[in-house]
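Q: Here are the chains, one letter per residue:
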Amino acid sequence: MSSARLEDVSKDYALGRTQVSALRGVSLAVEPGEFVAVAGPSGSGKSTLLNLVGCLDHPSAGRVVVDGRDVAALDDDALSDLRAQKIGFIFQSFNLIPVLSALENVEFPLLFRGLPRAQSRARAERALDEVGLGDVARHRPDELSGGQRQRVAIARALVTAPVLVLADEPTANLDSKTGEAILDLMLDLNRKQGTTFIFSTHDPKVLVHAQRVLRLADGRLEAAS
Amino acid sequence: MRLLLTLAARNLIRRRRRTLLTASALGFGVAILCLSRAWTAAMATAVVEPAKDGTIGHLQVYRTDAADDEGGEISFVQPHNGYRLIAGPRALVARLLADEPRLAAGLARLSIGALLSAGDESMEVLLLGVDPATRAAVYPAVGVIEGRHFAPGENGLLVNRGVARRLGLKPGDDVVALANAVDGRLTGAKLKVTGTWTVRGLEAYEWGACFVDLAAVQELLDAPDQASVLILRQRDARADAAPVARALNDRFRREGSKLRAFTWEEMGGPFIGGMLVTRFISGILDLVMVVIVAAGVTNTALMSVFERTREIGTVRAMGARRGRVLALFLVEALLLSLLGAAIGTGLGAGLIATFGRVGIPAFSEAQRYSYGGDALYPVLDLPGLFSVAGLMIVICVLAALGPALMAARLRPAEALRHV
Ligand SMILES: Nc1ncnc2c1ncn2[C@@H]1O[C@H](COP(=O)(O)OP(=O)(O)OP(=O)(O)O)[C@@H](O)[C@H]1O
Ligand SMILES: [Mg+2]
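Protein chains in written order, with my numbering: chain A, 1 to 225; chain B, 1 to 419.
Honestly, the hints are just simulated from the structure, not real lab data. For glycine and all other residues, C-beta sits at the position ideal for the given N, C-alpha and C. Any given hint could be a false lead.
[Unchecked claim] Restraint-style ranges between C-beta atoms, simulated for each label pair:
1. B:I13 - A:H58: 36 to 44 Å
2. B:R310 - A:A72: 21 to 29 Å
3. A:A29 - B:L20: 33 to 41 Å
4. B:A295 - A:M1: 27 to 35 Å
5. B:L4 - A:Q85: 18 to 26 Å
6. B:A295 - A:P41: 46 to 54 Å
7. A:S176 - B:A295: 37 to 45 Å
8. B:A295 - A:H58: 29 to 37 Å
9. A:S176 - B:T6: 31 to 39 Å
10. B:V358 - A:D142: 31 to 39 Å
Between the sequences and the hints, there should be enough to build the whole structure, so can you do that?
A: Here it is, written out as structure tokens:
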């Protein structure tokens, strides 16, 4: 079973009176344990694609299947639960909750699991150690560097042991060295834990890390490389 | 839930100034509501209770047709010349008291307009004929400023300050009262001034009436053993009078006696009217206050939602259901209103206690009337205070419901695109 599968998926946005076709008939499958990059220029539809795979949005046409489940059949609560259990997210601008410490941020997604407190605390600590940030657990996001913040975000995405981690331009807000390090970390976790990663980028330099690159242009997937 | 509370509390702390501003506004609102409640309650107590104890009584019994020759509407305030009278009122009072354990005392009263003359001076007055033997039990608040109460059979007269001034009267003076008997004949009675009366607690009022012996008024009207109204007093002075009135009216209907009992609220006229108007106006002001405070809370919640749109998207991406987002913002509003309510009850209690000690001064004669004296002393009523605070908390959480629902309904992808 594929981690995620798109079948002839299109997505249109209404922009005033005109329609923007962000995706036009995209089909793809990502298998468990893959480390996939979605590449393309700005506006090519990368974020749209990741949002659909991440069950954050519905396609205008076509089918989205995540971990074997057809997204169209699920209501909002069921989609939320699916995200909570199967999917981790990493964002371009980290999106940490500013009032929570690094550790609490990592612990946050476990909130929707109903774990006992000690257990979720321990798991969060382990995830934070995994990204090498055990010693800044009590720091608030604004006390961390960009690279550290993105590491916290990675720990947060992985703490629930998801089948799929989606990272929309995870390195775009980082200098190239830090970006490299973040991708290395993701790759490392992909190898060690077998988690499927899909990340998007418009930076050709970071593509070298990917096992497979999906090239998007104007909402269409180019021949796989 | 723990992390949710932490999150809400820390978000409030993070926006410290806004939180304090909103909570203070809320607290100020709660304090003002509490004070206005205590103020109206004190005003009601200050005027209505003495009025009940000094003139209205708790219940009044009239003939159902009492005012049929005088326009039909029974009035407690107007003179009862021309009213259809109750025969054998003393015996009737005795029977009612014997059968109704909730009643403590009663008296027969007959009030008429008459001309009072002393020497060359004369003036129209209202004579309140009451039974001297039962006066003290029914009208405990009627006191004398000067002189003494009159005894039965003495044909005594208690004047008010205005009459004493106009006619130059002092205790021991003789006056003549002229009136028309039931059949229209001119009648007269010689009365002896024994003192000047007032209602304790309502010293500011210049009463336009004089107390006389019921027998003297019966003589003037030539209506022996008759009265226009029975004034009854309940054992429990604070108990609702309506159930007793209902019981009495049932009894009158059963017996076929053409009598009707009214409560003090129905017959309180000028005393109750002021209280009702005050309550109504302060109710409207309370409502305005509540709306302003609620709007403040809505606004704060809206700002919170707008600022944190991307955070909402993030939380939703991590698997928070809509209800969780709703709860997040409602808990935040709840904490905010708890803080405001705490400030408000503290401030309100402090204000009421302070005014309860030093008094709210009356700045005009009109205020002296509604305060029943020179100052009003509000009483701290803790359960009342907490119920105001509790109500305010509920209103504020409801006020945040709109923004919270808005946050919950945001589509995750849209929320995440928000900058
Ligand atoms: N909510 C929306 N409403 C209207 N148009 C949208 C919306 N989201 C995306 N679009 C449009 O759809 C197209 C694809 O957008 P998308 O964000 O998926 O591109 P992207 O490849 O992620 O670009 P970037 O590299 O700039 O992030 C663009 O033309 C964009 O303007
Ligand atoms: Mg994008």
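Q: Now tell me, hint by hint, if it's right for this structure.
A: Do the hints match the structure? See the list:
no., hint, in the structure
1, B:I13 - A:H58: 36 to 44 Å, "holds (38 Å)"
2, B:R310 - A:A72: 21 to 29 Å, "holds (26 Å)"
3, A:A29 - B:L20: 33 to 41 Å, "violated (55 Å)"
4, B:A295 - A:M1: 27 to 35 Å, "violated (53 Å)"
5, B:L4 - A:Q85: 18 to 26 Å, "holds (20 Å)"
6, B:A295 - A:P41: 46 to 54 Å, "holds (47 Å)"
7, A:S176 - B:A295: 37 to 45 Å, "violated (50 Å)"
8, B:A295 - A:H58: 29 to 37 Å, "holds (36 Å)"
9, A:S176 - B:T6: 31 to 39 Å, "holds (37 Å)"
10, B:V358 - A:D142: 31 to 39 Å, "violated (50 Å)"
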